[in-house]
Amino acid sequence: MAHDAQAAALPPLKQVVADYAGDKQAFQVPWGKAMMWIFLLSDTFIFTCFLTGYMNVRVSTMASWPNPSQVFALHLFGQDIPLILIAIMTFVLITSSGTMALAVNYGYRRDRQKTVVLLCATAALGATFVGMQAFEWTKLIMEGVRPWGNPWGAPQFGSAFFMITGFHGCHVTAGVIYLLITAKRVGSGFYDRKGTYETVEVAGLYWHFVDLVWVFIFAFFYLW
Amino acid sequence: MSQAEGQQQHPLTIYLWIWLLLFVLSACSYAVDYFHLQGMLRWTLIIVFMLLKAGFIVAIFMHMAWERLALKFAILLPPLCLLVLIGFMAIEGDYTFITRGTAFLR
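Line by line, the protein sequences give chains Y and B.
So in our numbering the end of the first sequence lands on 224, straight run, no missing numbers.
So in our numbering the end of the second sequence lands on 330, straight run, no missing numbers.
Worth flagging that the hints you see were computed from the coordinates, not collected in a lab.
Be aware that a few hints might be false.
[As the list claims (entries may be wrong)] Here are the simulated DSS-like cross-link-like pairs (lysine-lysine), alpha carbons at most 27 angstroms apart as the crow flies:
hint	chain 1	residue 1	chain 2	residue 2
1	Y	114	B	296
2	Y	24	Y	114
3	Y	33	Y	194
4	Y	24	B	296
5	Y	33	Y	139
6	Y	14	Y	194
Please model the entire structure based on the sequences and the hints provided.
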């Protein structure tokens with residue numbers, strides 16, 4: 001209350017500063033975690049805008065939409081298996097989410113070695129995912145998919161595909177680098193000296209979010 | 225031990241169970257495509273499996289289930305306004321489709 005009374009007596013701009021700098025904490029979590037959640041919230045809006053844009057062009061196009069089940073099929077063992085590459089990518093990403101969750105847990109148990117191994121495994125699975133995505137892009141570009149057209153139907157298919165999966169792939173790539181830096185710091189004992197492993201949990205939030213976005217892309221772009 | 229570490233230490237088994245569950249749910253959504261389900265059944269199953277997976281990732285892997293209500297509100301409520309955007313864009317897309325139909329396909 002004393003703070004409010006002091007602030008009320010200040011000139012307007014200083015009052016704004018005093019109000020925003022008021023000695024109160026809204027979220028009872030480390031600041032890094034609160035800021036990561038707010039960043040992920042803004043990223044949610046970005047990816048929803050992409051998926052909504054995709055919905056809009058798919059609803060409004062007069063041409064027929066290419067069938068993702070066939071477009072993303074692979075010829076394996078003498079037969080076409082629908083969507084198989086995307087299914088494998090999904091399982092790779094979920095596996096990496098699992099190893100990440102375990103890494104956070106072992107970090108809080110102060111088990112440095114297991115945390116480093118699990119973080120590196122997560123990064124390796126993430127890199128595998130990006131590699132498979134590069135393979136998928138190459139295959140589609142060779143088949144003639146462009147942002148302005150493709151051999152099978154609605155031209156908007158290519159632009160939506162490259163935009164959405166490209167942006168997600170960038171997130172995964174950034175995540176791999178982020179995880180490797182975190183792993184290096186865990187290995188060097190940086191967080192032991194700092195006295196807390198919460199930074200590993202914050203890195204985990206980002207990684208799980210990348211998996212979360214893929215859940216929606218998988219459902220709306222590949223399965224719909 | 226810092227404040228966050230006291231709050232977010234959970235038994236390993238819960239992560240392993242959720243991990244397994246996510247695998248099963250992903251296999252289910254892939255099965256929807258593999259068995260060529262169509263129409264309302266397909267769309268309903270896709271949405272149900274998607275929401276279940278998203279819910280478990282946010283609640284357990286991202287620890288949201290154990291966070292305080294203030295943080296849950298701050299992070300989970302704002303995305304609801306995106307439903308308005310999605311609704312508007314669906315209506316607008318339908319309108320564009322009908323307009324194109326009457327203008328170009330006569």
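Hint by hint, here is what the structure shows:
The straight-line distance between the Cα atoms of residue 114(Y) and residue 296(B) is roughly 30 angstroms, outside the 27 angstroms bound, and the hint therefore fails. The suggested pairing of residue 24(Y) with residue 114(Y) is violated, with an alpha-carbon distance near 38 angstroms, which exceeds 27 angstroms. Taking the CA atoms of residue 33(Y) and residue 194(Y), the gap is about 16 angstroms. The hint holds against a cut of 27 angstroms. For the hint linking residue 24(Y) to residue 296(B), the alpha-carbon distance of about 19 angstroms falls within 27 angstroms, and the restraint holds.
Taken as a hint, the residue 33(Y) and residue 139(Y) pair is broken in the structure, with Cα atoms around 39 angstroms apart against an allowance of 27 angstroms. A C-alpha spacing of about 35 angstroms is found between residue 14(Y) and residue 194(Y), which places the hinted pair above 27 angstroms, so the restraint is violated.
The structure is inconsistent with the numbered hints 1, 2, 5 and 6, although it conforms to all the rest.
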